[in-house]
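Asks: In terms of numbering that gives the first Met the number 0, the sequence shown is residues 0 to 448.
In short, the hints are calculated from the structure, not lab data. Misleading hints may appear alongside valid ones.
Said to hold, decoys possible - Dumping the calculated DSS-like pairs for lysine-lysine here, alpha-carbon to alpha-carbon at most 25 Å:
| no. | residue 1 | residue 2 |
| --- | --- | --- |
| 1 | K354 | K340 |
| 2 | K367 | K340 |
| 3 | K406 | K340 |
| 4 | K283 | K354 |
| 5 | K304 | K367 |
| 6 | K283 | K367 |
| 7 | K354 | K406 |
| 8 | K354 | K367 |
| 9 | K304 | K340 |
What the hints assert, rightly or not - Cβ-Cβ distance ranges computed for the label pairs, FRET-style:
| no. | residue 1 | residue 2 | range |
| --- | --- | --- | --- |
| 10 | D384 | T171 | 49 to 59 Å |
| 11 | D50 | Y72 | 50 to 60 Å |
| 12 | G170 | P44 | 41 to 51 Å |
| 13 | G369 | P73 | 45 to 55 Å |
| 14 | Q294 | E180 | 36 to 46 Å |
| 15 | S131 | R166 | 24 to 34 Å |
| 16 | D384 | V42 | 40 to 50 Å |
| 17 | G192 | R247 | 12 to 22 Å |
| 18 | S131 | D50 | 49 to 59 Å |
A virtual CB, placed ideally from N, CA and C, is assigned to each residue, including glycine.
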Amino acid sequence: MPYEGEFAGYRALRRIADTDQVQQLLRRARRCVSGPSEFAGVVRPTPTTEDPLPEFVVAIDGSYQEVSVETGYPEARIGYVTVASVLLDLAATELLDTARPVDPVAFRETEQPATVDAALPGSNVATRTHRSAKVAFREELYDVFHGSIVDAQDGTALLDTYESLLRQREGTGRQRCPYAESGCEERIVVDEGLSTCPCLEGRPIWSTDALRIHERFRDAGTNGEAFGEVMQVWERVLLIHLLRAFERSNLLPEMHRLAFFLDGPLALFGHPAWLSAAITSELKRINRDVRRLTQWDLVIVGVEKTGAFVSHFNEIDQLDGAGAERFGNGTYCLLTDEYIKNRIIFSESPKRYGKDTYFGRKFFYKTKSGARIVASIPFLDDAQDTLVSDDVNLYPSFAVACGLVDKLVSCRYPNALAPLVSAHAQAAIPLELGARVLEQLARALMRES
């Protein structure tokens, strides 16, 4: 390991790259039979739609930061995790746009932010009478879910939504006891609320232990992986929480006027990945009622800013010749399981790509302004739950989603969408912590109705 501030020089890196071991490993590595810019998918023009675009957009994004604290123990840390939701009033934005120059104060009023924030124990930070920092982390995580009331009028905690998903968990749900490191050999099923381990110790088990994030937790060192998993769970549980809150408020007949944008793919990775199947079931259930009441599907879009799919899209869109591009403006490609495994994420598994982690399907979209967007749309019924067919007619909200993306492209960053830029700003710098996006949205929908 290097000393603090010491970095390897170019010569050392070059020496490593030229070693026999590295070269032999590269010779054994599989190579894609196609060139990096070769493309075997189908590029199609985006379907047009006469359906009106949603008037409101809710964007969800999160961030986390680990900081050192003074407890008397060395390298004591806490993690600050925040997830922001921003409500964007598109109708008000369009109205302002007709009378340029736009008043910055009036423009800011078209966005209503809200955040879920928590400080979680990290390494060497034990609270109350806990025996370790890990136990303190587990209880604090449960308390945050229990105490997070997104909308004061609704009054339902985020824990209620999480535990509704826990009830839909597939399989036996048996897992190693969280106290295994203390000698407990029990295999337990984590129930809702607070329970106890069946061993003689009878120590507390919290419902959020089913996420198994504590297995990432380290009593010494950094816990970025654990805090990252907390963030991704909050982002996706918040999406379902908002939908269930609209359902309780009898606002599902107005859902065609609302769209959701989530930072990142429609998926969950790591220990909480089991939530993906539960979220799929809940989305299908809610969408059945929305489709019956409005004749439309929910509009939910996940947007990726980095990663293998973004890199691949950038590579395949380049053709020989100055400025030549494969994707014309306003075209898309719906990715199939075969294409993903052959060209992006190598796999020979018979199980489809993302079966255990994704609750949505990826597609490439070149906006009318030329931005490249790697996005996901959710599985909202059994027919849509596939990566075999590239028939976009399976997804009735696809054209509306692309129309919204065209409308929301931001010029502030390459291939960025304005609502997610705003949500990230709120998550990175939590402002207006008292704002409640649900209350603002419900009021706006009821006023318009």
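Asks: Work down the list of hints and note, for each, if the structure agrees.
Replies: Against the structure, the hints come out as follows:
1. Proximity of K354 to K340 is assessed by CA-CA distance (about 13 Å); at most 25 Å being required, the pair is judged to hold.
2. For the suggested pair K367 and K340, the alpha carbons sit about 29 Å apart, so the restraint of at most 25 Å is broken.
3. Of the pairs offered as hints, the one joining K406 and K340 is violated, with about 32 Å between alpha carbons and a cut-off of 25 Å exceeded.
4. With a C-alpha separation of about 16 Å, the suggested pair K283 and K354 falls inside the 25 Å cut-off, and the hint holds.
5. Of the pairs offered as hints, the one joining K304 and K367 holds, with about 18 Å between alpha carbons and a cut-off of 25 Å not exceeded.
6. This hinted pair does not check out: K283 and K367 have alpha carbons roughly 31 Å apart, beyond 25 Å.
7. Annotation: proposed proximity of K354 to K406 is violated, straight-line Cα distance about 31 Å (limit 25 Å).
8. Restraint check for K354 and K367: not satisfied, since their Cα atoms lie roughly 32 Å apart, outside the 25 Å limit.
9. At roughly 21 Å between alpha-carbon atoms, K304 and K340 fall within 25 Å of each other, so this suggested pair holds.
10. As the Cβ distance of D384 to T171 is approximately 23 Å, the hint placing it in 49 to 59 Å is violated.
11. A hinted range of 50 to 60 Å holds for the C-beta pair D50 and Y72, which are about 59 Å apart.
12. Against the hinted window of 41 to 51 Å, the Cβ-Cβ separation of G170 and P44 comes to about 42 Å, which satisfies the hint.
13. Look at G369 against P73: about 52 Å separates their beta carbons, and that is inside 45 to 55 Å.
14. The given range of 36 to 46 Å is broken by Q294 and E180, whose C-beta atoms sit roughly 54 Å from each other.
15. Range check, S131 to R166: Cβ separation about 29 Å, and the 24 to 34 Å hint holds.
16. Range check, D384 to V42: Cβ separation about 24 Å, and the 40 to 50 Å hint is violated.
17. With their beta carbons about 20 Å apart, G192 and R247 fall inside the hinted range of 12 to 22 Å.
18. For the pair S131 and D50, the beta carbons lie near 54 Å from each other, so the given range of 49 to 59 Å is met.
Violated hints, in rising order: 2, 3, 6, 7, 8, 10, 14 and 16; the structure is consistent with all others.
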